[in-house]
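Undergrad: Here is how the chains run, residue by residue.
2 protein chains.
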Amino acid sequence: MSKLIGNAIVGQSGGPTAAINATLAGVIRGVLENAHGGSIKTLYGMRNGVEGLLKENIVNLSEFFSDMDNISILEQTPAAALGSCRKKLPKIDEGRETYEKLIEIFQKYDIRYFFYIGGNDSMDTVAKLSEYTKECDYEMRVIGVPKTIDNDLVGTDHTPGFASAAKYIATTMTEIIRDCAVYTTKAVTVVEIMGRDAGWLTASAGIPKAFGGEVPDLIYLPERAFNKDEFFADLKVILEVKPNVVVAVSEGIRFADGTYVCEGFGIASTDVFGHKQLSGTAKALEVAIKNEFGCKVRSIELNLPQRCASHIASKTDIEESVLVGKAAVKAASEGVTRQMMTIERVSTNPYKVDVSHRDVSEIANKVKHVSDEFINERGNSVTDECARYLLPLIQGELDVKYENGIPKHVII
Amino acid sequence: MSKLIGNAIVGQSGGPTAAINATLAGVIRGVLENAHGGSIKTLYGMRNGVEGLLKENIVNLSEFFSDMDNISILEQTPAAALGSCRKKLPKIDEGRETYEKLIEIFQKYDIRYFFYIGGNDSMDTVAKLSEYTKECDYEMRVIGVPKTIDNDLVGTDHTPGFASAAKYIATTMTEIIRDCAVYTTKAVTVVEIMGRDAGWLTASAGIPKAFGGEVPDLIYLPERAFNKDEFFADLKVILEVKPNVVVAVSEGIRFADGTYVCEGFGIASTDVFGHKQLSGTAKALEVAIKNEFGCKVRSIELNLPQRCASHIASKTDIEESVLVGKAAVKAASEGVTRQMMTIERVSTNPYKVDVSHRDVSEIANKVKHVSDEFINERGNSVTDECARYLLPLIQGELDVKYENGIPKHVII
Chain A
1 MSKLIGNAIV
11 GQSGGPTAAI
21 NATLAGVIRG
31 VLENAHGGSI
41 KTLYGMRNGV
51 EGLLKENIVN
61 LSEFFSDMDN
71 ISILEQTPAA
81 ALGSCRKKLP
91 KIDEGRETYE
101 KLIEIFQKYD
111 IRYFFYIGGN
121 DSMDTVAKLS
131 EYTKECDYEM
141 RVIGVPKTID
151 NDLVGTDHTP
161 GFASAAKYIA
171 TTMTEIIRDC
181 AVYTTKAVTV
191 VEIMGRDAGW
201 LTASAGIPKA
211 FGGEVPDLIY
221 LPERAFNKDE
231 FFADLKVILE
241 VKPNVVVAVS
251 EGIRFADGTY
261 VCEGFGIAST
271 DVFGHKQLSG
281 TAKALEVAIK
291 NEFGCKVRSI
301 ELNLPQRCAS
311 HIASKTDIEE
321 SVLVGKAAVK
331 AASEGVTRQM
341 MTIERVSTNP
351 YKVDVSHRDV
361 SEIANKVKHV
371 SDEFINERGN
381 SVTDECARYL
391 LPLIQGELDV
401 KYENGIPKHV
411 II
Chain B
1 MSKLIGNAIV
11 GQSGGPTAAI
21 NATLAGVIRG
31 VLENAHGGSI
41 KTLYGMRNGV
51 EGLLKENIVN
61 LSEFFSDMDN
71 ISILEQTPAA
81 ALGSCRKKLP
91 KIDEGRETYE
101 KLIEIFQKYD
111 IRYFFYIGGN
121 DSMDTVAKLS
131 EYTKECDYEM
141 RVIGVPKTID
151 NDLVGTDHTP
161 GFASAAKYIA
171 TTMTEIIRDC
181 AVYTTKAVTV
191 VEIMGRDAGW
201 LTASAGIPKA
211 FGGEVPDLIY
221 LPERAFNKDE
231 FFADLKVILE
241 VKPNVVVAVS
251 EGIRFADGTY
261 VCEGFGIAST
271 DVFGHKQLSG
281 TAKALEVAIK
291 NEFGCKVRSI
301 ELNLPQRCAS
311 HIASKTDIEE
321 SVLVGKAAVK
331 AASEGVTRQM
341 MTIERVSTNP
351 YKVDVSHRDV
361 SEIANKVKHV
371 SDEFINERGN
381 SVTDECARYL
391 LPLIQGELDV
401 KYENGIPKHV
411 II
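Protein sequence lines, in the order shown, are assigned to chains A and B. Reminder that position 255 of the first sequence reads as 255 in the working numbering, one-by-one numbering, no gaps. Reminder that position 220 of the second sequence reads as 220 in the working numbering, one-by-one numbering, no gaps.
Same shape as in the complex, but just chain A (with noise of 0.2 Å):
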């Protein structure tokens, strides 16, 4: 493979997590540090993605980061530093005005290496774009780093940010069990976890098992369909004896009709202004469960701190999400193209991983549930193997710097 010198871009897409800027500083270092071997020579940011990079809306990240500690703080920043789209790029056919737009903009700087930080939809960019520049003949590498809470992403073990997720759910939940514990009355709380198709943030909550530690009595993922009898049936007995319930369901669950819990079950009310509102899950359950108990009922939605919530992420996963950055910059400058940066367990005991990486034509548009050997027969939780699966990656805390009391964060 000739050797590609010319300037990089990097850009990050879809929903923020606590991770996606270490992988943004493991692009960055593997610029600063050569990974490259020479060939690039600036590293540009695009702000908001392939929205941004539409409008030249471009940012000199070598020159930005030439003070190193910056790049320890971004590792500690949640959410996309150098902000996000949802935009997806159109069929090349029907838009070929814009991939026109794009070669311009590359030409103008000199683009020969793009990265692009994403889930799901990023890495159809990834595929589309890199169809187009070949089509055309523009001589640009392009690679997908792979990033996303939800975990739901084929082709690689596990996905980058999710397991600092994982950690700040597993760690909440045990803190959660602790607070509902001081009680004597009988009281439920439900507990509603991201996931709105794949259950593994909700699965989580079930990693103390590997260790016998205290996990919810009861785990709803949206693998399973609902059972509102069957539910009824398990909370009552465990009711009986002990006086705490703690229930964690996956924002997603459904009843095996398809119908979403908090539409079938929920408060599908009117409200003072006449438009019809609907309840989180974990509300649609509290309601229902006081109807049926008369106990005491809390529900809670986890929701954003589940993926910005950095002072508690993962040290594997921060550590891993820079690898895969910096495996991106190495594996572009030896010619790989089109191709997603993926990790590959190669042991669990001990945890051992590996960065490869493979066609994004084989990722795009999949989603990787949670497989059926990790969730129990009667599935209200998670099993042993699951627990022992998700475990190695929760471990480890980040050495987080904090200034006045607060974490501190780099702002691009």
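Hints were generated in silico from the structure; no laboratory data involved. Don't take every hint at face value.
A pair holds if it fits inside one copy or across any two, identical chains being indistinguishable in the list.
[To be verified] Cross-link-like lysine-lysine pairs, in silico, DSSO-like; alpha carbons within 27 Å at most:
id, residue 1, residue 2
1, K315, K41
2, K408, K366
3, K186, K290
4, K408, K315
5, K315, K401
6, K87, K366
7, K242, K88
8, K368, K87
9, K101, K368
10, K408, K41
11, K87, K134
12, K401, K108
Since the model is a prediction, treat every value here as computed from it, not as a measurement.
Model the placement of chain B on the given structure of chain A, informed by the hints.
TA: For chain B alone, coordinates are given in the frame of chain A:
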């Protein structure tokens, strides 16, 4: 004051905090390290406060914590390790049999020192118990040790437990602001923070003002009447200059006529079971903003993690909490009774406090609100003075011990 030799008992009451166990650890350390000059033989713990005490649900803490390592872990364990209760003792004239039962138990265990860690209601228990033991001539020293995340107790500069919640809130708000900044489309995020009557916790979202950090664009405390028209006007102005607006509201904000925002403004709707449901304050505002501006709106309730996220406790808070617990043991051994331990601020910069105590009757059943000069004139944020006052409380991080990737807790 004559030396009073006997055993001691300690209990926890009211809502859990991230620091109430640090105060318990302080009492245990005080007894084990002999802060009492040899007066206290054994330290007992009552499970679930006076409720458990009346059932003689008692544990020997001197024995349980003979391993000092466990005490350090107790200091990083959230919620009340002894369990809690919401029970208030009856008026003496109306419940003599309750008090007689208590004296019987005190005599049985030779309890001469009574430490009660709690909020307002707990100080009421301390006052009544002091009165009764004096009346019936049972020699026992009764000390209240404050805790409440709400920081609404009078007579003390601040309450143990508040600062850890404040650090969690300031950190989480900073992370949420980062998360919300990634997209360019107009969006409003409303974050609901605990505190029905006092706005200290919500004010903590404004702490970064003290050092020029980012804070929510609008902050509403229950100390000021919430004006819908002014809110919309302010929001409109901000939405014109930036795409992502973050609003922090106390759960207890009310309109000028006294109606809670979550009642008068919200989704007072009927669920599918025919029951009237009341939404939270943030959810109510979400609906109202959507209706007025038509932009994307999201609501977040910080919920229980505010009070149980001990993984990000304030070191200042935990150290002070231990200190007041230890000081309570010392004070009682020196003859102090019917008092609540207090924290007196000597200076803000450099931050310095003294531990002292005050008569509980000055404290019980009163509420300390956020002072007028801490809220800006428009009533939509806190002042720099407020931020500077709160800043020292959130300084420092615990060296939290993790096991298997999750903070270690001790269960008594």
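Undergrad: Take the hints in turn and mark each one as holding or not.
TA: To see whether the hints hold, each was checked on the structure:
no.	hint	in the structure
1	K315 to K41	neither (30 Å within a copy, 45 Å between copies)
2	K408 to K366	neither (36 Å within a copy, 38 Å between copies)
3	K186 to K290	within (11 Å within a copy, 37 Å between copies)
4	K408 to K315	both (17 Å within a copy, 17 Å between copies)
5	K315 to K401	both (14 Å within a copy, 15 Å between copies)
6	K87 to K366	within (18 Å within a copy, 54 Å between copies)
7	K242 to K88	between (50 Å within a copy, 24 Å between copies)
8	K368 to K87	within (22 Å within a copy, 50 Å between copies)
9	K101 to K368	neither (34 Å within a copy, 61 Å between copies)
10	K408 to K41	neither (29 Å within a copy, 47 Å between copies)
11	K87 to K134	within (22 Å within a copy, 74 Å between copies)
12	K401 to K108	neither (39 Å within a copy, 52 Å between copies)
Of the hints listed earlier, those the structure fails to meet are numbers 1, 2, 9, 10 and 12, in rising order.
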